[in-house]
Each structure stands twice: as structure tokens, then as C-alpha cells.
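Model the full structure from these sequences, guided by the hints.
There are 2 protein chains.
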Amino acid sequence: MDEFSFIKSIKPRFYHHSSVQKGIGDDAAVFRPPSGMDMVTATDTMVEHVHFRLTTMEPYHLGYRVLAANLSDLAAMGSIPVFYLVSIVVPESWKDKQLRSVYNGMKEIADQYHMDLLGGDTVSGDRFVISVTVIGFVERDKSRYRRHARDGDVVFVTGTLGDSAFGLHLLTERSFSVEAQDHFINRHRMPTPRVWFSRKLKQLDRVCLNDISDGISSEANEIAEASGVDLHIDYSQLPMHPQLKKLSETNQKKFVLAGGEDFELIGTISEHNWSVVEEAARQTNTIVKKIGFVRRKVAAEGQVFLYENGKKQVLKKQGYIHLR
Amino acid sequence: MDEFSFIKSIKPRFYHHSSVQKGIGDDAAVFRPPSGMDMVTATDTMVEHVHFRLTTMEPYHLGYRVLAANLSDLAAMGSIPVFYLVSIVVPESWKDKQLRSVYNGMKEIADQYHMDLLGGDTVSGDRFVISVTVIGFVERDKSRYRRHARDGDVVFVTGTLGDSAFGLHLLTERSFSVEAQDHFINRHRMPTPRVWFSRKLKQLDRVCLNDISDGISSEANEIAEASGVDLHIDYSQLPMHPQLKKLSETNQKKFVLAGGEDFELIGTISEHNWSVVEEAARQTNTIVKKIGFVRRKVAAEGQVFLYENGKKQVLKKQGYIHLR
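Those protein sequences? They're chains Y and V, same order as listed. If you read the first sequence in UniProt numbering, its first letter stands for residue 1, the second for the next number, and so on. If you read the second sequence in UniProt numbering, its first letter stands for residue 1, the second for the next number, and so on.
What the hints contain is simulated information worked out from the structure, not anything from laboratory work. Quick caveat: nothing in here was measured; it's all calculated off a predicted structure.
In the DMTMM-like style, the derived pairs of lysine to aspartate or glutamate whose C-alpha atoms are separated by at most 25 Å in a straight line are:
(1) V:Lys-97 x V:Glu-48
(2) V:Lys-316 x Y:Asp-121
(3) V:Lys-289 x V:Glu-225
(4) V:Lys-11 x Y:Glu-301
(5) Y:Lys-95 x Y:Glu-108
(6) V:Lys-11 x Y:Asp-214
(7) V:Lys-11 x Y:Glu-225
(8) V:Lys-246 x V:Glu-173
(9) V:Lys-8 x Y:Glu-225
(10) V:Lys-107 x Y:Asp-121
(11) V:Lys-289 x V:Glu-249
(12) Y:Lys-22 x V:Glu-139
(13) Y:Lys-11 x V:Glu-301
(14) V:Lys-11 x Y:Asp-141
Set out below in C-alpha cells:
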């Protein structure tokens with residue numbers, strides 16, 4: 001199939017958003033931002049043999065997952081996903097059907113959020129690369145920044161941690177006799193960005209959110225650094241799947257603290273708004289758990305402290321634990 | 001250099017646009033659209049060994065050129081360039097210095113238009129790939145669509161045609177004794193998107209614009225098709241560099257009609273607004289030339305007719321000329 005026919009075949013038959021003035025089919029797309037809304041934008045790239053292998057992911061999952069990762073960034077800003085633009089480098093050995101599956105995977109998750117495809121580029125190359133840019137809308141001054149944590153806040157996290165990394169581990173080790181293995185594999189291939197949960201917090205003037213793409217160690221430190229506060233986290237409170245509790249301590253920590261790509265949210269909020277978080281969790285059927293609290297920083301830079309069995313340790317970005 | 005240090009090093013020290021609420025450094029960037037403006041967005045990708053080779057382009061040119069191509073799309077919509085987001089796949093054999101040159105090339109042209117870098121992703125891979133998404137602003141209902149050509153319009157084009165393709169030809173053939181060769185090579189490596197010219201047409205209610213990225217044959221046909229009209233083009237009026245006039249007829253036509261990546265604009269406008277185009281050209285120091293006119297279509301689909309030495313031929317998208 002030539003490029004023109006392919007573009008025609010993926011061109012949406014209609015657009016969900018009335019803000020679209022011009023979709024695919026001109027030099028660029030045009031949309032009209034609703035009044036009172038800020039625009040949110042992020043980009044994310046996946047490369048074959050770096051971020052994935054076709055032995056652990058089908059083309060369909062690639063599409064699903066790269067857009068899910070982008071949606072997670074929009075969720076972490078408190079915004080409504082609206083548009084996406086796609087660039088794909090596709091090896092000549094690929095069949096049309098495989099390329100179409102990538103677009104189908106994206107469409108599957110895009111439709112869940114009524115997102116419209118606004119543009120893209122499909123070019124040939126040696127190695128599969130997919131790069132997606134998303135655009136979301138958020139009410140003015142309701143963006144959820146990493147710098148918004150305050151002394152006295154509670155720290156919370158959605159979902160369970162380490163599932164995606166454990167799923168990838170099962171796929172690469174080909175150890176397929178673990179209980180609930182489909183759960184883990186699915187969490188790796190088709191993660192759920194916490195868009196609806198984050199949107200339900202809209203009424204709050206302030207909530208700090210960060211999405212967990214590189215493991216909670218990394219993301220908690222980003223909050224501590226950006227907000228200039230210390231985060232105190234109780235290891236025993238970290239939500240994890242029962243199966244992960246059966247692992248050796250070292251492995252468990254590897255997955256739970258440093259396992260990437262869960263696309264859950266870590267956040268902080270003032271104690272008196274905790275009920276709003278609980279209500280948002282209930283309404284969107286999301287697991288949310290308090291895991292610690294925020295205090296004024298004790299050093300020049302904000303840090304993360306991890307409490308476990310009566311010991312207090314500094315939790316570094318890389319997920320390594322350095323005893324004090 | 002690790003990814004974090006690199007991101008820090010390319011992070012802008014300030015943003016030109018006060019609409020930026022949050023630049024690089026959170027899960028996503030946030031900006032506030034000015035009232036009365038529509039948003040315009042496009043994406044473009046360049047792959048090593050497909051779109052370029054490092055034997056004909058320096059890393060600096062790669063950055064410059066991919067952003068120029070995107071800016072050309074924004075120019076063809078009549079919009080002001082404002083933001084860009086970048087995804088780069090960089091081979092491990094590349095040096096930090098080379099990667100930095102790519103960003104410097106982008107910054108060089110971005111600064112000319114006061115564009116702000118809003119985000120990006122740099123990942124490693126086998127083959128260099130760069131993908132850029134741009135966002136521009138345009139006054140409501142002033143987007144310049146391909147469907148806006150009307151019976152009676154004049155057809156015009158900016159700059160000279162075929163220069164970029166001829167420049168690439170000189171580089172790949174290593175025939176370095178052509179007069180004005182630097183001009184052609186420069187037009188290939190660092191093309192000038194016609195942003196200012198297109199913005200000077202702002203007062204007009206209607207003008208049809210399309211940027212010449214695949215050769216005028218292709219772009220003229222896109223207008224004819226989208227507007228449902230015929231374009232009649234006089235080959236003798238097509239603007240070309242004197243050096244191209246010295247080529248054989250076959251070669252000249254290859255470059256002028258089908259040579260891609262000039263990033264000039266082809267447009268149509270009602271005859272009585274022609275003086276506005278001339279004034280815009282004068283103010284922005286842009287060559288603009290009338291090359292034909294628009295008439296009602298004579299077949300089911302709009303077509304392009306090329307006149308030469310008293311002969312009238314159908315000009316196809318691919319640049320091939322089929323005798324009637």
C-alpha cells in the first residue's frame with residue numbers, strides 16, 4: 001500500500017471533538033481551544049530493541065502502550081486527553097496488516113477517551129520507531145505540577161506497583177507458570193492511565209501529581225526535588241499484588257520501587273482533602289492508598305525517606321537504597 | 001552524558017511566549033492559547049538512510065531542516081509558529097557533540113521565529129530518527145486550506161523551484177564545479193519556510209496555500225483535488241534559477257516540476273487581491289510569481305494542466321506528464 005492510500009485508510013471518518021476545524025488532509029490540523037482551558041502537550045517514543053521486542057509485544061500492543069504512556073502524562077497533569085499525532089518508522093519487512101494493528105491498538109485506547117487522531121507520518125526505515133504527541137485540555141490553573149507538594153500533605157499512590165515490570169520479567173524469562181500471570185502481562189502490554197481518577201480531582205485547587213513511568217523511587221524524588229520538601233514513605237503501605245509478596249525481598253523491591261511503566265499516579269494532597277481523593281477513587285473504581293506524608297526538607301534538596309521495619313533510609317532516584 | 005543531564009542542558013533558559021505556563025520539566029508542558037486564535041499542529045519525521053545521509057548533511061542541518069519542513073506546514077496554514085516538541089533516536093556511535101549540533105540547528109531556526117521548545121524525548125537506537133511536532137496560532141477562520149481555490153483565481157508560487165533537489169543532486173553526484181553550487185546546497189540543507197510572507201496575507205478573507213514539499217506537480221494537484229477546480233499552469237512562467245535553465249529539458253523538468261523539499265508556497269487568490277500578495281512579497285523580500293489561473297473543473301475530479309510551447313498537457317501528481 002502506498003503512503004497516500006494508507007493515510008486515507010487511517011483517516012478518521014468523524015471527529016469526536018467539535019473543536020476540530022481541520023483534521024487530517026491538509027498541511028496541518030487546526031483546532032479551536034475551548035475558552036477557559038489551557039492546552040497540555042507531551043511526546044513519547046518507543047524504539048524496537050530498546051523499549052520493546054516483538055517477542056514480548058504484538059504490534060497492537062505497541063500502539064496501545066505508547067498512547068497509554070502519553071495519556072498517563074496527561075493524567076498526571078489533570079487534563080482531558082483530546083488529540084494525538086503519530087510518527088511511525090516501519091521496517092520494509094513489516095506487513096500492512098502489522099502496521100494497521102499498531103494503529104488499531106492506538107485507536108482502541110484513543111476511543112476510550114474520545115481522542116481524535118490529528119496527523120501523522122509513516123515512513124520506512126530499518127527499525128520500528130513510534131513517536132506520539134498528545135494534546136489535552138485542562139481548566140485554567142488546574143494543572144497538577146510536581147512542585148505542588150506541601151509540608152503536611154499525605155502521599156498517595158494509585159493501583160499496585162511493579163506489575164508491569166514483573167509482567168515483562170515473566171515474558172522475557174518465559175516463566176509462564178505464575179499465578180495471575182495474565183494480569184501482569186496485560187499490565188505490561190496494555191496499562192491503564194489514570195485519566196478518570198485524575199479528572200475527578202478537578203474541584204481541588206491544589207494536588208500534586210506525577211505519573212510512575214520510571215518506578216516510584218524516581219517519581220517520588222522528582223516531587224521532593226521540584227517542591228523542595230521531603231517525602232516520607234512507609235514501605236509496608238506500598239500497594240502490591242499478592243503474587244509480588246511471594247518474591248524474595250530483593251526482587252520484590254526491584255519491582256515495587258524501581259519497576260517502570262506502571263503508569264500509576266503518585267500524588268500529595270492536604271490531609272483535609274483526603275476525602276475528595278477517596279471519593280474520586282470510589283467513583284472511578286481506582287485503588288488508591290495512603291503511603292506516607294510530606295514534611296519540610298531537612299537538607300538543601302528535598303529527599304525521599306523510606307521506612308521499613310523501624311529503619312529509616314534515603315530512597316534515591318535510581319531505586320537503590322543507601323543506608324544512612 | 002545521561003538523559004537527565006542532557007535534558008537539563010537543552011532546557012530553554014527562558015520562554016519567548018508568555019502563553020507558556022509550564023515548559024520542559026514536568027510530565028507535560030502547559031500553555032494558554034490567546035483568545036481569538038485557533039491552534040495549528042503538524043508533525044514531520046526524518047530517518048537516516050531514507051531521508052538523508054550524513055554524507056550530504058551535517059547533524060546541524062538535520063535539526064535545521066526538519067524544523068524548517070514543519071514551519072513550512074505552518075506557513076502553508078497562515079499561522080504563527082510558536083512551539084515545537086522533539087523526539088530523537090540517536091545511535092550509540094554518535095558523540096554528544098553531534099547530538100547537541102542537531103539541537104543547535106533546530107534552535108537556530110526556532111529563534112528566528114521566537115519558537116519555544118516545549119518537550120522531547122531522546123532515546124538510543126540503531127539509526128538516527130528525528131520527529132518534530134509543531135504548534136502554531138492562527139486568527140480564527142484565517143487558516144489557509146487547500147480547498148480554498150476558486151474559479152477565476154490566479155495561481156502563484158514563491159521563490160524558485162527545484163533548487164533543493166538540484167542541491168541534493170550536486171551533493172550525491174559530488175559534482176562540485178557548478179556555478180552557484182553553494183546556493184543550491186544551502187537551499188537543500190537550510191530551506192527558508194515562507195512564514196513571514198504568509199503572515200502578511202492575514203488581512204485577506206480567503207487565500208489558498210499549500211507548501212511545496214513533494215514538487216509543484218504534487219502540490220498543485222492537491223489543491224485541484226481539494227478545491228474541485230482545474231489549475232492551468234504556464235511552464236514558461238515557473239520561477240527557476242538561471243543555472244537550472246542550462247540543464248537538459250528532461251533534467252530541468254525533473255527538478256522544477258517534481259523536485260521536492262523546496263518548502264516554497266503555491267497559492268491561489270482572486271485577481272483583485274493580487275496587489276496584497278505583491279505588497280506582502282515586497283515587505284518580506286520574497287520572490288512571488290504568477291504562474292497560471294484557476295478554472296472550473298472539466299472532469300469529475302479537479303486536474304492540473306500544464307501549457308508549454310502551445311501544447312496543453314495534464315500534469316499528474318507524480319510529476320510525470322501524460323500527453324493527451
